[in-house]
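Let chain A serve as the given structure and place chains B and C on it in line with the hints.
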Amino acid sequence: MHSPVNPLTRRRALIPAAALLAGALLTSCSSDAPADAPAGASQSAGSGEGGDKPSKFFEQAEYERQLKLGKETPQGPEAKPWEQMLEPEMTDTTRYKKKGAGGTHLCFSNAGVFNPWRQVGLKNMKAEVKLHKEISDFTVLDAQGKDDKQISDIQELAGDKDCDALIVSPNTTATLTPAVKEACGKLPVIVFDRGVETDCAVTFVNPIGGYGYGAVAADFLVDKVKPKGKILALRISPGVDVLETRWSAAKLAFDKSELDVVDAKFTDGDPAKTKSIVSDAISRHGSVDGVWMDSGATAVAAVEAFEDAGVDVPPITGEDQQDFLQAWKDKKLTAIAPTYPTFQWRTPVIAALRILDGKEVPKEWKLPQPTVTQANLDEYLQEGMPPLHYAMCGCRQMPGFPGYWGGKK
Amino acid sequence: MSSQTTTAAPYRRVARSLGAGAPVFALLVVLLVALAATDPGFYEPDRFLAFVKRAAPLVILAAGQYLVIVCGEFDLSVGAIVTAGVVAAVEIYGSFPNAPWPLITAGLLLAGAVTGLVSGLVTTRLRVPSFITTLGMMLILEGAVFFWTGGSPHGQLSEGFRQLGRGTAMGRLPWAVLACLVAGCVAVLLMRSDFGRTLIATGDSERAAALAGVRVHRARVIAFVLSGTAAALAAVLVGGFSGVSAQAGRGYEFEAITAVVLGGVVLGGGRGSVVAAMAGAFSLQALFTLLNLQGVSGALESTVQGVIVIAAVGLGAADWSRLRRRRTHSSGGRPS
Amino acid sequence: MSGTTVAPPPASPKTRAPSRSRLTDPAVGVWLAAAAVTALGWITVAARGGDFLTLANVVGILQNCVALGLVAVGQTAVILTGSLDLSVAYLISLGTLVAATTMEDGGVVTAVLAVLALSAAVGLANGLIVTGLKVNAFIATLGTAFILRGWIEDNYTGPAGKVPASFQHLGYDRIGPVPVSLFLLAAVAAAMWLITRRTRFGHHLYATGGDEHAARLSGVRTRRTVIAAHVLCSLCVGAAALFLASRLGAGAPWAGTEARYDLESIAAVVLGGTVLAGGRGGVAGTLGGVLVLAVLDSVFNQLGVDPFFKNVVRGVVIIAAVALYARRGSRRSA
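Chains as they are written, first to last, in the working numbering: chain A, 1 to 409; chain B, 410 to 745; chain C, 746 to 1079.
No false leads were mixed into what you were given.
25 angstroms max Cα-Cα, derived PhoX-like pairs, lysine-lysine:
1) A/Lys359 with A/Lys98
2) C/Lys1055 with A/Lys161
3) A/Lys126 with C/Lys1055
Covered stretches of chain B (in silico footprint by chain A; criterion: 3 or more residues with CB under 8 angstroms from a CB of chain A, positions within the stretch not fixed):
4) 645-654
5) 693-701
If you are wondering where the hints come from, they were derived from the structure by calculation, not from laboratory data. Please read all numbers here as calculations on a predicted model, not as lab measurements. Using N, Cα and C, we set each Cβ at its ideal position, and we do this for glycine too.
Chain A on its own, in the form it takes in the complex (with noise of 0.2 angstroms):
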């Protein structure tokens, strides 16, 4: 017999770490009693919130205000959609001005950076930090997709940071939801992207939203092909929620229509899945005379599968991802590109100096979603961008453009 170390070797060293470990037990045994007890601990406070929200993801009033929301013209400069908002309530923030001399320090919670949008927001974000010299330190901290880990970040950065206000993009909506609350009581919280479901934070920036994206695609190709045509709808994965309203007001404009959806399918984000479920279902269904999607990343990989298999390309929905447009472009394709903003990452920069300006903020901060079409497509589509670039940028007046995005001049 052999390798099993044997245990006794080791005893003497360890009972001392033993008794501590059963103190240990014997003190959390006690300490987890309180859970079903409340026992007045640190966060009683605020609870309320959240639990009247429906859990499902079709909210029907939601999804009237955001195609209500779509039609409307928003107010601020109309070349600096990241400064524009719609229908604005505005809030006095005189209360969070900053006091005192000296450069501000802004931090800002980031879920993660583990897809071109972030990564070009996130350059976004830091070019227009660039801009303010008043701003004189901004620590990022990255989560890495990570719940756990963001609320720790948050906890951090709320903490012992000396941050002036805090930038808050949630990885998950329900579950950051207890951290920004605790943040929210020490400094200006902005949150932007996805909300939390508390209305604490100072400002909440975000686009009109999925619904709007979804409709927009949707009716893009309700119009563009014939009666009785059968539609392909890809999405990327379920249970993300910003990509499940999409979804369910795409699923809502079909439904009305006389267009027959013959595969809904996951890609899981990648090409080569997506150019074989293309593929099948042209081979399947005869012929696919729409493809809708819930966002860009996979809509090049499911173009080129028409063209392998030799048929010509049906009217297509994307989003405004460089290799897209420049496909589009190239090939001549009928086409649309409903937005989800990257330039969204510019404004929570603007929204924390007016705060700490004591300058008025809109409670909500809705900012425009642009849909890139046919006739726009050149003012949108600029040569020598990196593939996975994000056109609806609002990058291209900043300093360093387009190096620091990858392009070339």
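The following block gives chains B and C in isolation, referenced to the frame of chain A:
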């Protein structure tokens, strides 16, 4: 020492490899029949070739992974090599848009080989278990390539480069199918050569092989080098097939290992044939296609996949576990 | 000899066991490494004018250990038997979802029991597939992971459920400066330590992992041992899921997968000196491994290191650490 290392008689080798791999061939036939039943057009030449083309990267990865597994190791870094390969090619094209594609392809293959070499040396010389070596390599490669490109690559793959994964030779035959055939033949010839026997002997019983004069370290390092090269070739095919992507290789490491195990190859080494491993890859791809064609609810797909993989491997194990017990008592421990 | 290959040569243990000195024990080594990383972090951060060893920061580091720690402690048990578990990530996700949705309708106690029952069932399934069907643990648990994934994707369309404030104490409260959840980790780790080191079953774990064949010959019911180890592991994962649910306030389908708890937990276990082939190592080392990873993370946070670069460093650290253990091991047996 068990019979593998000593019997050279080819017919016994064939019989044994078929015996070990029989379940996977049965599975493959069942899946292919099911595909035909689901979609009568599946066996039209163009469609079938398109299927093989799609399977090619996984088959090549499985062949490479087989070499590593049969000598008793793992290579978890192949998915990262694919991702890194595609991203690096795009990034290079970003700086040198007119780079000739043969040069880039050769460069990628070389880089894959070097990656494998490093993994192999760390595993053998520093005695780090390959699971950990290649897990670390996976983190390093993914981190490094995205650190280098700032998160997303800055170029476009040239049409020439993409031909290998996307285009066809002589009108009909996709280059990827040819590449897959070549890689398959190379792998089979390799396993028939002295080196192949060395590799199996190493995986079967390292000690016995070493006593018999086999340079086990060298055999393992070469296996890693070949696996890295195969992964780089897969990167060329995947990049060609689907273009720029920052997640081209995600999940490939698990798929490749699953394919090899489906082929009846035993993790821990010493048993199984490379043909069966490649058949495992085809089966896996056929399963994906079937699930897609059947229109199984998108979400439940993975459940079905999990059940089938467990069942297939379970059946394979059940078939010849009796045989194994009789044959090799000496190598009792098994890894995982 | 590589850790993934078959049993070690029979000659070595005679020379190895008695001469084991404490400093060369990986479990001690990893704690020294944790101390070294902390010191290094402290110096680098101090050089940048920061302060690393503040109370808040230390508490933060410990807090960040909890989830991975719970999973890794469980993973230790399976790895000791020479098996492993790749299904932990999806089990965590499913666990948080079940916990949060059950707590929304029923009580906290029901939810805790439900999660633990689910975990035990998954662990039992893993164990039975590994031992009964003789499917290699790598594939078996990967298959289970796929099954769980499909289950999650079919039944949940995103974050679901709501954890009552009473249960969130586990995730947010502190006793003095120490997070409550740390006691949970300590309790689970202590229990696991007692089980592995002080019980007959623990001996069987080590024996099975060391040489299953020999263990069976000497009367150990190896199958039962492996199954029990899988159940134990999944129960720890269930505890991690409960902790995450309390911290997140809801169930999240990607709570376990985004953090790559499957591979991270294995990395932590091996970093802690447990041999992947089984039979050697233990919970104490694993906790050290988890601590090293958490300290590294915190240093990166403080220095604002590019997240991609972090992965490079983590990869190098994991390989280097295991290479060091291997060197020590070889010197001992030489």
